[in-house]
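S.K.: Chains A and B, in that order, give the protein sequences.
Under the UniProt record's numbering, the residues of the first sequence are numbered 1 to 408, in order.
Under the UniProt record's numbering, the residues of the second sequence are numbered 1 to 408, in order.
One thing to keep in mind: the hints can contain errors.
Note that identical chains are pooled: a pair holds if it fits in a single copy or bridges any two copies.
To be verified - Computed cross-link-like contacts, EDC-like style, restricted to lysine to aspartate or glutamate with a CA-CA straight-line distance of at most 16 Å: (1) Lys295 - Glu177; (2) Lys37 - Asp94; (3) Lys295 - Glu388; (4) Lys301 - Glu186; (5) Lys195 - Asp71; (6) Lys259 - Asp273.
If you are wondering where the hints come from, they were derived from the structure by calculation, not from laboratory data.
Protein chains: 2
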Amino acid sequence: MKKKILFNAFDMNTAVHQSQGLWRHPNDRSGEYKSIKYWQNLARKLEEGMFDGLFLADVTGIYDVYGSNADAALRNAVQVPSNDPFLIVPPMADVTKHLGFGITGSLTYEPPYTFARKMSTLDHLTNGRVGWNIVTGYLNSAAKAAGATSQTGHDTRYEIAEEYMEIMYKLWEGCWEDDAVERNRETGIYVNPSKVHPVEHDGTYFRLNGIHLSEPSPQRTPVLYQAGASSKGQTFAGRHAECVFASSPTKKVLTSTVKKLRAATQEQGRSGDSIAIFGMMTLIVGGTDAQAQEKLAEYRKYASHEGALTLMSGWSGIDFSSCDPNEPVKHIKNDSMQTAIDRFTISDPNRVWTVGEVAEHIAVGGSGPLIVGSAETVANELQQWVEETASMDSILLMLLRRTPSTTS
Amino acid sequence: MKKKILFNAFDMNTAVHQSQGLWRHPNDRSGEYKSIKYWQNLARKLEEGMFDGLFLADVTGIYDVYGSNADAALRNAVQVPSNDPFLIVPPMADVTKHLGFGITGSLTYEPPYTFARKMSTLDHLTNGRVGWNIVTGYLNSAAKAAGATSQTGHDTRYEIAEEYMEIMYKLWEGCWEDDAVERNRETGIYVNPSKVHPVEHDGTYFRLNGIHLSEPSPQRTPVLYQAGASSKGQTFAGRHAECVFASSPTKKVLTSTVKKLRAATQEQGRSGDSIAIFGMMTLIVGGTDAQAQEKLAEYRKYASHEGALTLMSGWSGIDFSSCDPNEPVKHIKNDSMQTAIDRFTISDPNRVWTVGEVAEHIAVGGSGPLIVGSAETVANELQQWVEETASMDSILLMLLRRTPSTTS
Numbered sequence: 001m002k003k004k005i006l007f008n009a010f011d012m013n014t015a016v017h018q019s020q021g022l023w024r025h026p027n028d029r030s031g032e033y034k035s036i037k038y039w040q041n042l043a044r045k046l047e048e049g050m051f052d053g054l055f056l057a058d059v060t061g062i063y064d065v066y067g068s069n070a071d072a073a074l075r076n077a078v079q080v081p082s083n084d085p086f087l088i089v090p091p092m093a094d095v096t097k098h099l100g101f102g103i104t105g106s107l108t109y110e111p112p113y114t115f116a117r118k119m120s121t122l123d124h125l126t127n128g129r130v131g132w133n134i135v136t137g138y139l140n141s142a143a144k145a146a147g148a149t150s151q152t153g154h155d156t157r158y159e160i161a162e163e164y165m166e167i168m169y170k171l172w173e174g175c176w177e178d179d180a181v182e183r184n185r186e187t188g189i190y191v192n193p194s195k196v197h198p199v200e201h202d203g204t205y206f207r208l209n210g211i212h213l214s215e216p217s218p219q220r221t222p223v224l225y226q227a228g229a230s231s232k233g234q235t236f237a238g239r240h241a242e243c244v245f246a247s248s249p250t251k252k253v254l255t256s257t258v259k260k261l262r263a264a265t266q267e268q269g270r271s272g273d274s275i276a277i278f279g280m281m282t283l284i285v286g287g288t289d290a291q292a293q294e295k296l297a298e299y300r301k302y303a304s305h306e307g308a309l310t311l312m313s314g315w316s317g318i319d320f321s322s323c324d325p326n327e328p329v330k331h332i333k334n335d336s337m338q339t340a341i342d343r344f345t346i347s348d349p350n351r352v353w354t355v356g357e358v359a360e361h362i363a364v365g366g367s368g369p370l371i372v373g374s375a376e377t378v379a380n381e382l383q384q385w386v387e388e389t390a391s392m393d394s395i396l397l398m399l400l401r402r403t404p405s406t407t408s
Numbered sequence: 001m002k003k004k005i006l007f008n009a010f011d012m013n014t015a016v017h018q019s020q021g022l023w024r025h026p027n028d029r030s031g032e033y034k035s036i037k038y039w040q041n042l043a044r045k046l047e048e049g050m051f052d053g054l055f056l057a058d059v060t061g062i063y064d065v066y067g068s069n070a071d072a073a074l075r076n077a078v079q080v081p082s083n084d085p086f087l088i089v090p091p092m093a094d095v096t097k098h099l100g101f102g103i104t105g106s107l108t109y110e111p112p113y114t115f116a117r118k119m120s121t122l123d124h125l126t127n128g129r130v131g132w133n134i135v136t137g138y139l140n141s142a143a144k145a146a147g148a149t150s151q152t153g154h155d156t157r158y159e160i161a162e163e164y165m166e167i168m169y170k171l172w173e174g175c176w177e178d179d180a181v182e183r184n185r186e187t188g189i190y191v192n193p194s195k196v197h198p199v200e201h202d203g204t205y206f207r208l209n210g211i212h213l214s215e216p217s218p219q220r221t222p223v224l225y226q227a228g229a230s231s232k233g234q235t236f237a238g239r240h241a242e243c244v245f246a247s248s249p250t251k252k253v254l255t256s257t258v259k260k261l262r263a264a265t266q267e268q269g270r271s272g273d274s275i276a277i278f279g280m281m282t283l284i285v286g287g288t289d290a291q292a293q294e295k296l297a298e299y300r301k302y303a304s305h306e307g308a309l310t311l312m313s314g315w316s317g318i319d320f321s322s323c324d325p326n327e328p329v330k331h332i333k334n335d336s337m338q339t340a341i342d343r344f345t346i347s348d349p350n351r352v353w354t355v356g357e358v359a360e361h362i363a364v365g366g367s368g369p370l371i372v373g374s375a376e377t378v379a380n381e382l383q384q385w386v387e388e389t390a391s392m393d394s395i396l397l398m399l400l401r402r403t404p405s406t407t408s
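Please take these sequences and the hints and turn them into a complete structure.
M.R.: Given below as structure tokens:
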């Protein structure tokens with residue numbers, strides 16, 4: 001029995017997302033991320049390629065753990081400079097018909113009332129093709145930029161997130177009845193006031209008293225994404241998410257993550273299948289397996305290990321700037337982060353990864369698996385991932401988009 | 001000596017902006033405000049008509065003073081439902097080349113750090129065609145929606161705004177040097193860290209420590225608009241604004257406003273001419289003067305006095321729901337509001353406006369003057385406004401856009 005696989009592309013409104021150093025490739029066009037045309041071309045290509053969605057990451061801070069400053073992040077353009085992800089979606093929606101858009105939005109930096117309107121507006125403009133990746137922020141630098149001395153504790157962030165979501169549902173689902181907008185030229189009634197119900201919320205972290213500003217959009221609540229890998233994150237996903245990212249370097253680790261997520265969903269009284277789990281991976285496709293390997297070798301020539309270690313440091317909270325590349329990477333106990341490094345070190349007890357090897361992998365494949373080969377090889381491998389992880393039903397493709405073949 | 005007149009169109013991402021009731025016109029298309037194509041058609045038309053800019057108002061609250069509830073605002077769709085103004089700008093920029101975009105953004109509801117990036121992103125995407133109308137919020141309902149019991153005091157709001165602007169300039173102008181982005185494929189240096197200077201701000205209302213996330217955009221600081229008519233507002237405009245709105249029903253009142261604004265600008269050490277002052281007005285043009293008057297009469301058949309009074313109540317803070325239409329409108333002493341009604345009552349000491357007359361005018365002309373006639377009549381009248389107000393050099397045209405002739 002073949003499962004239908006959903007495909008999301010993974011990108012960010014920035015010069016260098018995850019593939020560190022590849023902007024140096026002679027045909028690279030990463031500098032065009034500031035233009036509307038760049039994103040429209042990408043969206044058109046994805047739609048032609050029958051992708052289900054484009055997922056846009058966002059980080060409102062700097063990766064300044066490496067070397068305890070922002071120098072390496074800047075030198076390698078590690079997700080900085082970066083621009084707002086929401087603003088590129090309407091022009092992409094304008095040139096596509098069925099492509100979905102998942103946008104990362106941190107609920108730490110925008111009040112619920114205006115954020116709810118922003119998402120509703122996008123849902124109107126895209127005609128119901130928008131999703132929201134709910135994040136609570138994980139970089140200290142982002143918290144400092146917003147005026148805090150450090151970020152709010154991990155558990156508190158999820159408590160805040162729960163209350164934020166409660167308000168979102170009230171605004172999106174509970175405020176305007178389906179037929180509240182009458183727009184009747186005869187009676188002169190545009191909106192029937194008896195079908196609009198003000199939201200009153202008096203909680204621990206938020207107070208709100210008002211009418212949602214937007215009329216009901218095609219989806220009302222956008223598709224909800226979640227990526228938190230911690231137990232709190234999984235509970236949150238079980239309650240709210242329709243799509244979850246689970247980046248794991250091996251099928252075994254992914255299978256275990258998938259099981260936990262299905263269980264967390266069932267604990268919240270939902271069917272385990274109500275979540276689509278996206279395993280993150282990078283594909284490099286060539287005419288033959290050998291040609292694909294050559295392509296990989298060519299890409300690796302441009303890889304920046306410093307950039308990769310800067311990412312790793314930001315993800316793990318550990319400064320890798322003083323590490324020897326031949327040093328083995330240790331398993332990091334840190335529930336509050338998406339510890340990409342954890343995933344390497346626990347994936348295969350028989351293999352000891354060195355700092356340099358992880359850096360080399362991340363620079364081209366990010367923190368997920370890298371699949372290299374002919375179209376047939378890659379397709380077979382994808383099928384195996386889907387079958388062997390039992391319940392994984394979706395794939396998130398990391399884009400090495402800055403190179404000429406934008407989706408390979 | 002002829003002055004060059006700048007033209008801005010005035011609109012809002014909502015069903016009914018100011019022209020109350022005109023959505024009932026048989027050819028009206030106000031319901032399409034939720035679509036990308038609607039805004040692109042408007043932008044194209046404005047560019048063809050050689051407009052300098054499109055100015056987008058925004059209100060993050062409900063006009064609930066009239067009758068002490070939101071019923072009349074909803075019934076007449078008085079600026080509700082409304083959507084986010086920022087998200088319609090990129091698709092409009094995509095189909096135009098020189099049209100500018102002035103967007104209303106309240107600094108009360110978004111932290112400086114992410115707001116600065118949002119504006120920089122728009123400046124990149126529009127290739128330097130974006131402006132920001134700085135507002136501090138004036139509806140109690142908006143403050144309540146954001147969790148306050150009522151809005152912050154007027155003077156405090158301007159203190160907060162001053163500090164907010166200080167941070168904006170630091171992020172936009174002081175953080176990235178012009179040549180910080182090297183993007184050198186040979187050296188592997190994308191950004192030169194020594195040319196990026198973290199912003200440290202420890203003020204009364206905000207703390208911030210971080211690097212502006214966006215690289216320098218074409219304008220860096222967007223064109224700054226301001227509309228506050230109070231003395232605090234004029235001081236603020238004198239310090240920051242490049243464009244100011246001054247809606248006044250007579251040339252005499254506008255002349256006085258213009259003088260005050262020029263003086264406020266000079267007090268801040270800037271040339272009085274460094275501000276472009278936009279007088280708000282509505283034009284109705286016909287083949288002949290008589291035909292234009294017929295058009296006005298036709299529009300007035302659809303005008304909603306209840307909608308107009310709902311606007312007036314929101315602007316003035318006075319509930320007009322119990323007023324007799326024949327009652328004279330009294331001069332309202334309220335420095336903290338843009339008292340549209342003030343402008344009527346003080347404009348001509350010899351005329352006593354009734355509540356009904358003001359409502360009738362506002363429903364088609366908003367709070368500015370209404371100029372009706374053939375193209376020649378209207379052009380002459382515009383020229384007189386410019387010459388007789390001495391220093392007024394710009395005109396903001398209210399769009400009766402929902403009717404077939406979108407810019408008439």
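S.K.: Now, for every hint given, state plainly whether the structure supports it.
M.R.: Against the structure, the hints come out as follows:
Neither within a single protomer nor between protomers do Lys295 and Glu177 lie at most 16 Å apart by alpha-carbon distance, with minima of 55 Å and 37 Å respectively. Taking the shortest Cα distances, Lys37 and Asp94 sit within 16 Å of each other both inside one copy (12 Å) and across copies (8 Å). Taking the shortest Cα distances, Lys295 and Glu388 never come within 16 Å of each other, neither inside one copy (28 Å) nor across copies (71 Å). When the C-alpha separation of Lys301 and Glu186 is checked against a cutoff of 16 Å, the pair qualifies only between copies, where the shortest distance is 13 Å, while the shortest distance within a copy is 70 Å.
Proximity of Lys195 and Asp71 under a CA criterion of 16 Å is satisfied inter-copy only: 10 Å between copies versus 55 Å inside one chain copy. Taking CA atoms no more than 16 Å apart as the test, Lys259 paired with Asp273 passes inside one copy only; the shortest distance there is 11 Å, against 68 Å between copies.
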